[in-house]
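Chemist: One-letter residues, chain by chain:
Protein chains: 2
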Amino acid sequence: MKPVKVGLLGLGTVGTGVVRIVEGHQEDLQNQAGSPIHVEKILVQNKAKARSLTIDESKLTEDPWDIIADPEIDVIVEVMGGVEHTRTYLLEAIARGKSIVTANKDLMALHGPEILEAAKNNGCDVLYEASVAGGIPIIRTLIEGFSSDRIIKIMGIVNGTTNYILTKMSQEGASYDDVLKEAQQLGYAEADPTSDVEGLDAARKMTILSTLGFRTNVALDDVSVQGISSVSKEDILYAKRLGYEVKLLGIAECQDDQISVSVQPTMVKQSHPIASVNGVFNAVYVHGEAVGETMFYGAGAGELPTATSVVSDLVAVIKNKKLGVAGRQGAMVYKEKKLKTDDQISSKYFILLHVDDRAGVLARITQVFAEYEVSLESVLQQPNPNIPEAEIIIITHDASKAAVQQVLRSFESLETVRRIKSVYRVEG
Amino acid sequence: MKPVKVGLLGLGTVGTGVVRIVEGHQEDLQNQAGSPIHVEKILVQNKAKARSLTIDESKLTEDPWDIIADPEIDVIVEVMGGVEHTRTYLLEAIARGKSIVTANKDLMALHGPEILEAAKNNGCDVLYEASVAGGIPIIRTLIEGFSSDRIIKIMGIVNGTTNYILTKMSQEGASYDDVLKEAQQLGYAEADPTSDVEGLDAARKMTILSTLGFRTNVALDDVSVQGISSVSKEDILYAKRLGYEVKLLGIAECQDDQISVSVQPTMVKQSHPIASVNGVFNAVYVHGEAVGETMFYGAGAGELPTATSVVSDLVAVIKNKKLGVAGRQGAMVYKEKKLKTDDQISSKYFILLHVDDRAGVLARITQVFAEYEVSLESVLQQPNPNIPEAEIIIITHDASKAAVQQVLRSFESLETVRRIKSVYRVEG
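One line per chain: the protein sequences are A and B, in this order. Its first residue numbered 1, the first sequence is counted upward by one per residue in UniProt numbering. Its first residue numbered 1, the second sequence is counted upward by one per residue in UniProt numbering.
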């Protein structure tokens, strides 16, 4: 049987996992895909570098065109990362009729529509299961498993680094800075953790998930993003006392074809299944109109989990190629995008205020909420021995984002409110 | 665009859901499948019966051959249940070149290989996502999402009725009989609950899941089955005290291509994600060699969740038909079946004994474990005011099923052991 020849762009963590699985599971893969799979050429930055894997050196190249322009290469597996030059390489490969498997969330979040369109026009597949939530087959689930349903809401813990940090803060009462330092030492956080802790990585993944879930092209700019660097151990303590955990949640919602997508630290009721997803694990909760509540849980990163998704995509690409249906899987995105405005986005909020400890203050504050028609689920005023002021903890009923912002603006000009200590979206 | 004509066998709960989704989501489905979908004819037992759905009466028929033999019908959706006559109908439909979507776990567990083989030979698809775990797309996940991986273990809460009963017993300290009665009143349990509570329904689903996960034809007879009717509220209380929940788990394992599949009430460590799956919800935990631990959670039954899976399969069947690849999806099962013997099946066990309350008894009992090389994780002897004897609670380390059975047989002939009160497999 003629083997399928794969060109691998990148031999970092995931690339190494891809080679290991393709070699280690060859017999199974041959049964699945219908022919042997050979990793024929591998793009690396430095051929001389020491590796954890024994690889025939003649396969390595430092020149991407050795792979992209090689007519013998059937499929490109892209696990090198990067955006602009990677986009160029993949578009060139597609123009030459090669199907693509990629794990590149940045690329797909920014240029997904262009790349998918090019693939369709050239009769190629582009599959990207590994770009979101590592080993969890959530992209397949949204495209195929729920093709008949209308997705109302997607909530994702899609960044392992921040979930590790928040879990440690919650379980050990530790501060953000201390846990971040530890995570960096353990290799769970990068030396420059900005993309993770500021929510950008999660936002890219939510762009991909919401595009597939709502069948409309969501752009990265459509996602409102807030990271976890301002989450304090006190906030987490208050959350726990009230029965919540603080999680960095991507939340995508759709009502009447109007959508909103955001990433922010969120207080999640402990009884909600996503509240107990801890450490570096990822989970995606999907609420469909017909199917109801579902959740998909697993490793969000790592050499072999992510490589599982890449190689499963590779099997699918090879099958499609053999069946002559590459690039013919039909429209996944066909709806006009309508974004919600801030007064259409509704949720509960947790608000912690430090206020002057004297008569009438609580009345004044609750009056502000009433003015903007934000109704309250619970209000707790208590002394805090660590500060000269009193503390007020408020959980609202569902309220529009716009109204809550107006309330907060009013507080800023209210002298008795010394500071707005924390504001969290509340779910569950 | 020429509509796809669907023949629906059965208009019970799931059939009604199928009609609702096909009608309600018509525009979306047309975009997904590439043509309108019409439910053209519906097989019912009694045309005159009152229904919750308004249906053009001319579509209804009481004669299956009106549908099976109609050359205009492109796809059959089978949601009528039953085994022997249903098998005949579907094989006849396949012989006429019709693809099938079915929710019938009994049929697929008993005759899956025959039906899939017939479909392949006739260029038809048979999809059956709805046959296991309702709305959770677990069959797709095993076939496609994890095609590149080797599955080591599948654990499933795949029967909502028993999970509802065990959850209620755990949360309310109620007895099995009381909760079963309540479940029957609420419609969560059938008047004759045997198939659910004795584990047969779960065994059928585990037959399907293990066949796909291990890529070998597992038969229903290969599954060892024990139901929940002997689970007492005391057992659940002991489990909770030790940090466990009692769940009816389907457990399928594969090491070195040797497999075992069983269904039994199991004590699951509370920290394991499957331990907190409560009520009528289902979950399937999949451990892959490369992907690690994953879990898929959702509604296991119900009109719309199950119909979501049926209609998503329908979309896939229609797409395959249009692409000309029906029946050409390749081998899902290609391994020789090798079953583990009882001395190869290993797990921890919980054993509760009532013993004579006198010197030397514990020594004698632990000696029996030692004789059969079963080592112990924990042993607790305590008085029980409700019985004249003492109680001994043992949790073993991993031990072979055969050895534990020998230990239990020894206890039966040991005078000081008054009764073997409970034995549970332990997971997590």
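Accuracy of the hints is not assured; some may be wrong.
As the list claims (entries may be wrong) - BS3-like mimics (lysine-lysine), calculated; alpha carbons at most 30 Å apart, straight line:
no., chain 1, residue 1, chain 2, residue 2
1, A, Lys153, A, Lys348
2, B, Lys5, A, Lys322
3, B, Lys240, A, Lys269
4, A, Lys120, B, Lys120
5, B, Lys322, A, Lys322
What the hints assert, rightly or not - Short, incomplete list of chain A residues facing chain B, as computed with Cβ under 8 Å:
no., residue
6, Pro137
7, Ser148
8, Tyr176
9, Gln270
10, Pro273
11, Gly288
12, Gly292
13, Leu304
14, Ala307
15, Val325
16, Arg328
17, Tyr334
18, Gln382
19, Ser422
20, Val426
21, Gly428
Stated by the list, open to error - Simulated coverage check for chain A against chain B, where a stretch passes if three residues somewhere in it have a Cβ under 8 Å from a Cβ of chain B:
no., region
22, 40-52
23, 60-68
24, 258-266
Just so you know, these hints were derived from the structure itself, not from any lab. As the structure is a prediction and not an experimental result, all values here were calculated from the model. All residues carry an ideal CB built from backbone N, CA and C; glycine is no exception.
Chemist: Each hint should be assessed against the structure and marked as holding or not.
Modeler: Comparing the hints with the structure gives:
Restraint check: the Cα-Cα separation between A:Lys153 and A:Lys348 comes to about 15 Å, which is no more than 30 Å; the hinted pair holds. The suggested pairing of B:Lys5 with A:Lys322 holds, with an alpha-carbon distance near 28 Å, which does not exceed 30 Å. Only pairs whose Cα atoms come within 30 Å are accepted, and B:Lys240 paired with A:Lys269 is accepted, the gap being roughly 23 Å. For the hint pairing A:Lys120 with B:Lys120, the CA-to-CA distance comes to about 28 Å; that is within 30 Å, so the pair holds.
With a C-alpha separation of about 16 Å, the suggested pair B:Lys322 and A:Lys322 falls inside the 30 Å cut-off, and the hint holds. The interface hint given for A:Pro137 holds, since its Cβ lies 3 Å from the closest Cβ of chain B, which is under the 8 Å cut-off. The interface hint given for A:Ser148 holds, since its Cβ lies 3 Å from the closest Cβ of chain B, which is under the 8 Å cut-off. For A:Tyr176, the suggested interface contact is broken, since its CB lies about 25 Å from the closest CB of chain B, more than 8 Å.
Taken as an interface hint, A:Gln270 does not check out: its beta carbon lies about 11 Å from the nearest beta carbon of chain B, beyond 8 Å. Given the 8 Å rule on beta carbons, the hint for A:Pro273 holds: about 6 Å separates it from the nearest Cβ of chain B. This hint holds: A:Gly288 has a C-beta 7 Å from the nearest C-beta of chain B, less than the 8 Å allowed. Because the beta carbon of A:Gly292 sits about 5 Å from the nearest beta carbon in chain B, less than 8 Å, this interface hint is met.
For the restraint placing A:Leu304 at the interface with chain B, the shortest Cβ-Cβ distance is roughly 4 Å, inside the 8 Å limit, so the hint holds. Interface hint at A:Ala307: satisfied, since its Cβ lies 7 Å from the closest Cβ of chain B, which is below the 8 Å cut-off. Look at A:Val325: its Cβ gets to within about 5 Å of chain B, closer than 8 Å, so that hint holds up. For A:Arg328, the interface hint holds, the least distance from its beta-carbon to any beta-carbon of chain B being 6 Å, beneath 8 Å.
Interface restraint check for A:Tyr334: the shortest CB-CB distance to chain B comes to about 5 Å, inside 8 Å, so the restraint holds. Hint on A:Gln382 is violated. Least Cβ distance to chain B is approximately 32 Å, over the 8 Å limit. Among the interface hints, the one on A:Ser422 is violated; its C-beta lies about 28 Å from the nearest C-beta in chain B, farther than the 8 Å criterion. At a threshold of 8 Å, the smallest CB-CB gap from A:Val426 to chain B is about 21 Å, leaving the interface hint violated.
The closest approach between the C-beta of A:Gly428 and any C-beta of chain B is roughly 14 Å, which is over the 8 Å cut-off, so the hint fails. Only when three residues or more bring their CB closer than 8 Å to a CB of chain B does the claim for the region 40-52 of chain A stand; here the count is 0, and the claim is violated. With a threshold of 8 Å between beta carbons, the proposed coverage of the region 60-68 of chain A by chain B is violated, since 0 of its residues qualify and at least three are required. For the region 258-266 of chain A, the stated coverage by chain B is not satisfied: 0 residues place a CB nearer than 8 Å to a CB of that chain, which falls below the threshold of 3.
Consistency with the previously given hints fails for numbers 8, 9, 18, 19, 20, 21, 22, 23, 24, ordered from lowest to highest.
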